[in-house]
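J.: Given these sequences and hints, build the entire structure.
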Amino acid sequence: MSFVTIKGLSYAYPGTTSNVLSNFSLEMEQGEVVGLLGQSGSGKSTLLRLIAGLEMPKQGEIIIQGAVMVNPHSFVQPERRGVGMVFQDYALFPHMTVSQNIAFGLRGLGRGQRKDRVADMLELVKLADYGRRYPHELSGGQQQRVAFARALAPSPKLLLMDEPFSNLDADLKSRIREELKELLHLSGITSILVTHDHEDAAALCDRIIRMPSSLPEIQTKEERQLVTS
Amino acid sequence: MKFLVPGKIRHKLNGWVIISGIGALTALLPSLYILTGLLGKPNENWAHIREYMLLDYAVESLLLAGGTVAVTVIVGVVLAWLTTAYDFPLRRFLSFAFVLPLAIPPYIAAYTYGSMLSYTGSVQAFMRNTLGWTVDQRYFNIMSMKGAIVIFSLFLFPYVYLITRTFLEKHSASFIENARLLGGHPVSNFFRVVLPLSQGAIVGGASLVAFEVLNDYGVSKHFGISTFTTAIFKTWFGMYDVDSAIRLSGLLMSLIIGLFIAERWLRRRRRYHLPVNRSTPLRRMRLGRVPGVIAATCGMVIAMLSFFIPVAQLAVWAVWTYEDVWNDRFFRMIGNTLFVSAVAVALLMVVAVIAANAGRTWRSTFTLVSSKLLSMGYSIPGAVLSIGVLAVFLSIDKRLAGLYEAMGLGTNKLVLSMSLIMLVFAYIIRFLAVGFNAVDAGYDRIGDRYSEASRMLGYGMTATFFKVELPLIRGAVLTGAILAFLEIVKELPLTLLLRPFNFDTLATKAYQYASDEQIHQAAIPSLIIISLGFVSVCLYQWMGRRGKG
Ligand SMILES: Nc1ncnc2c1ncn2[C@@H]1O[C@H](COP(=O)(O)OP(=O)(O)OP(=O)(O)O)[C@@H](O)[C@H]1O
Ligand SMILES: [Mg+2]
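Protein chains in written order, with full-length UniProt numbering: chain H, 1 to 229; chain P, 1 to 549.
Mixed in with the good hints, there may be bad ones.
Said to hold, decoys possible - Using 30 Å as the maximum straight-line C-alpha spacing, the simulated DSSO-like pairs for lysine-lysine come out as follows:
hint, chain 1, residue 1, chain 2, residue 2
1, P, Lys-398, H, Lys-157
2, P, Lys-372, P, Lys-467
3, P, Lys-170, P, Lys-372
4, H, Lys-126, H, Lys-181
5, H, Lys-58, H, Lys-115
6, H, Lys-58, P, Lys-234
7, P, Lys-234, P, Lys-413
8, H, Lys-115, P, Lys-467
9, H, Lys-115, H, Lys-126
10, P, Lys-41, P, Lys-467
11, H, Lys-115, H, Lys-7
12, H, Lys-126, P, Lys-467
Think of the hints as simulated: they come from the structure by calculation, not from any bench. Quantities reported herein were computed from a predicted structural model and do not represent experimental measurements.
T.: Pasting the structure below:
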């Protein structure tokens with residue numbers, strides 16, 4: 001049985017009628033890094049938000065490690081899913097230091113353990129000396145790594161990354177890409193990486209899938225009826 | 001959650017949404033009560049009121065509101081345009097000074113000017129004794145409809161000014177510079193570009209002014225104008241006819257709802273998508289020497305009349321009456337005011353934060369309607385709201401009569417409706433919108449991303465609120481609290497109607513002195529209210545400036 005199963009997922013933003021995703025399915029093995037490519041507006045971010053539990057699908061189900069996250073009868077809140085996310089704009093909490101940001105998701109650990117884990121994570125992303133800084137005192141690349149460390153710290157079952165390189169310039173990007181590749185392999189975490197850059201995907205991912213573009217052919221039945229009538 | 005609700009709702013229904021729903025319904029209760037009052041059978045007194053007085057009330061209310069709106073729109077918009085688009089001597093000082101009148105409640109201004117301009121007042125005394133003029137009394141009688149419109153306009157124009165100016169500063173640069181480049185005459189640019197562009201902002205400011213005027217009791221009473229609000233007071237306290245008072249309230253409320261709808265409608269057709277161009281503020285044009293001096297002089301006259309002169313006069317009176325007024329009882333009264341206001345503000349902000357948070361995470365028609373209802377509370381005149389609240393509390397007391405008896409409080413006791421709880425409750429409903437809007441703006445600024453990040457890291461909505469959102473919106477919560485506090489401190493009609501026996505606040509005390517012909521004694525409580533207002537106006541300005549940076 002696969003580690004992540006997505007079956008027949010459909011979604012439309014509230015107040016809109018056209019589906020952003022229709023009948024989308026995907027299977028992932030444990031430890032697999034899947035690259036998600038697609039045009040702008042094809043629903044990549046939306047898919048990640050659905051997996052994360054930040055949006056609720058109209059139809060379909062998502063199963064992670066045998067546990068149903070969402071189906072027509074149940075919905076697991078995002079904080080209970082064990083899914084980590086690196087946001088496009090990082091969303092580091094501006095009122096907390098780097099260490100506090102990383103420690104944020106470490107609940108239920110003792111003080112000492114938590115400190116150790118934060119130190120490990122800082123080590124992993126090569127920011128050992130930056131724990132006391134605030135996010136605005138870091139460069140873009142450093143912020144990106146903190147966001148990554150923060151998402152990884154609680155050891156999520158699945159890591160979602162939404163265009164993690166889009167805020168970096170080309171030079172920095174190739175360096176960070178290498179680092180991220182190493183990190184992903186070191187941690188062996190199952191992950192989905194959204195990008196619109198083929199090179200990124202090819203360098204980092206075990207498998208690449210393309211989002212179907214949101215052209216008229218994937219209208220729902222009702223919509224087609226509307227158009228023809 | 002074990003609620004029997006359709007599939008979709010079940011997932012996100014949580015404590016936050018439920019509490020804000022209950023809050024919205026509670027806030028609605030008094031208004032519903034008032035409106036249903038219109039349906040019942042009228043009593044004899046009502047026939048009399050309808051026959052002889054109702055038309056007057058309606059005409060005077062509309063004249064007063066309409067006249068004030070017209071003047072404030074003209075003054076406010078012209079000043080906003082002048083201070084954003086042109087540079088002239090004293091501009092910086094004036095653009096701040098034009099906001100200051102907000103610190104002076106119109107009822108305080110009314111009795112200050114009323115007394116200053118009377119036969120024994122400082123103005124006529126100066127003319128008689130120092131200049132040796134004999135003056136025609138007719139020119140000095142401001143206790144009339146015209147006088148009331150002038151007073152209201154002088155002290156309410158900042159609403160229009162402030163909203164229009166903020167709008168122009170934020171959005172208009174490119175349009176106006178284009179118009180200038182295309183070579184339009186400045187005056188025609190004003191009418192063809194600036195006015196249509198800022199229609200939404202102007203309507204917003206004007207409706208605030210209209211609501212303030214319809215809410216007013218102090219000015220109309222002092223000047224002897226029979227508006228709906230003064231009529232409600234009269235039927236309630238003069239004739240002890242609560243039924244008819246409710247009926248009047250219902251009518252006034254229908255008027256308000258009409259205004260509310262008109263406002264929405266006027267604004268809807270003008271919802272342009274406007275670019276926010278922070279980077280390029282409008283470049284001000286220098287006025288020539290003569291126009292510059294004229295602009296500065298007119299500006300100074302308005303600033304003097306609408307803030308500095310009344311404050312100076314009050315300061316003089318305060319010195320005269322210092323010993324008479326400043327005593328232990330006065331201290332206790334200040335304590336009262338601060339205590340009730342602080343309690344009401346604290347509760348109000350809790351509700352405001354819950355409602356804003358629920359509305360944000362659970363975007364739906366229901367939360368949208370709730371927030372609209374919450375913001376309507378501000379437009380319901382204090383007198384109307386008081387009657388609704390009183391009616392609701394009386395009926396609760398009636399239901400609880402058995403309980404009171406069992407507690408040994410005696411039969412037919414009115415416990416809740418004689419207590420401060422009722423007053424605090426009414427304050428919360430009336431000023432919730434002030435807090436809510438501030439918090440909502442704060443949430444808008446931080447966006448959803450931080451909260452989502454926190455949810456992804458294992459924290460539920462409540463923990464996320466305390467650990468992430470609250471620290472980030474602290475400034476907005478504080479702003480909302482300060483503004484609401486100020487509104488409550490200077491609130492008059494609602495406090496007069498709902499306060500427990502012998503309970504005075506700064507506002508009621510000032511009003512009471514003034515209506516007892518002890519106008520000089522009213523100076524000290526008035527000045528305290530004004531200085532609190534001054535502080536909050538400054539704070540508000542400062543916050544706005546910081547928010548932009
Ligand atoms: N909050 C929203 N409300 C309504 N529609 C939305 C919302 N967010 C996104 N959409 C629409 O949903 C579609 C998919 O958006 P999404 O952000 O998932 O695309 P994307 O593939 O991530 O694009 P990009 O590469 O530009 O980030 C778009 O057409 C977009 O306009
Ligand atoms: Mg995207």
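J.: Taking the hints in turn, state whether each one holds.
T.: Do the hints match the structure? See the list:
Only pairs whose Cα atoms come within 30 Å are accepted, and Lys-398 of chain P paired with Lys-157 of chain H is rejected, the gap being roughly 59 Å. Straight-line distance between C-alpha atoms of Lys-372 of chain P and Lys-467 of chain P comes to about 28 Å, which keeps the hinted pair within the 30 Å bound. A C-alpha spacing of about 25 Å is found between Lys-170 of chain P and Lys-372 of chain P, which places the hinted pair at or below 30 Å, so the restraint holds. Between Lys-126 of chain H and Lys-181 of chain H, the direct Cα distance comes to roughly 14 Å. Compliance with the 30 Å bound is thereby established for this hinted pair.
Taking the CA atoms of Lys-58 of chain H and Lys-115 of chain H, the gap is about 42 Å. The hint is violated against a cut of 30 Å. Restraint check for Lys-58 of chain H and Lys-234 of chain P: not satisfied, since their Cα atoms lie roughly 58 Å apart, outside the 30 Å limit. The hinted pair formed by Lys-234 of chain P and Lys-413 of chain P meets the criterion: a straight-line CA distance of about 26 Å does not exceed 30 Å. For the hint linking Lys-115 of chain H to Lys-467 of chain P, the alpha-carbon distance of about 19 Å falls within 30 Å, and the restraint holds.
A threshold of 30 Å between alpha carbons decides the hint, and for Lys-115 of chain H with Lys-126 of chain H the separation of about 16 Å falls inside it, so the pair holds. For the suggested pair Lys-41 of chain P and Lys-467 of chain P, the alpha carbons sit about 55 Å apart, so the restraint of at most 30 Å is broken. With a CA separation close to 40 Å, the supplied pair Lys-115 of chain H and Lys-7 of chain H exceeds the 30 Å bound. Using a Cα cut-off of 30 Å, the hinted pair Lys-126 of chain H and Lys-467 of chain P holds, with the two alpha carbons roughly 27 Å apart.
Hints 1, 5, 6, 10, 11 from the earlier list are contradicted by this structure; the remaining hints agree with it.
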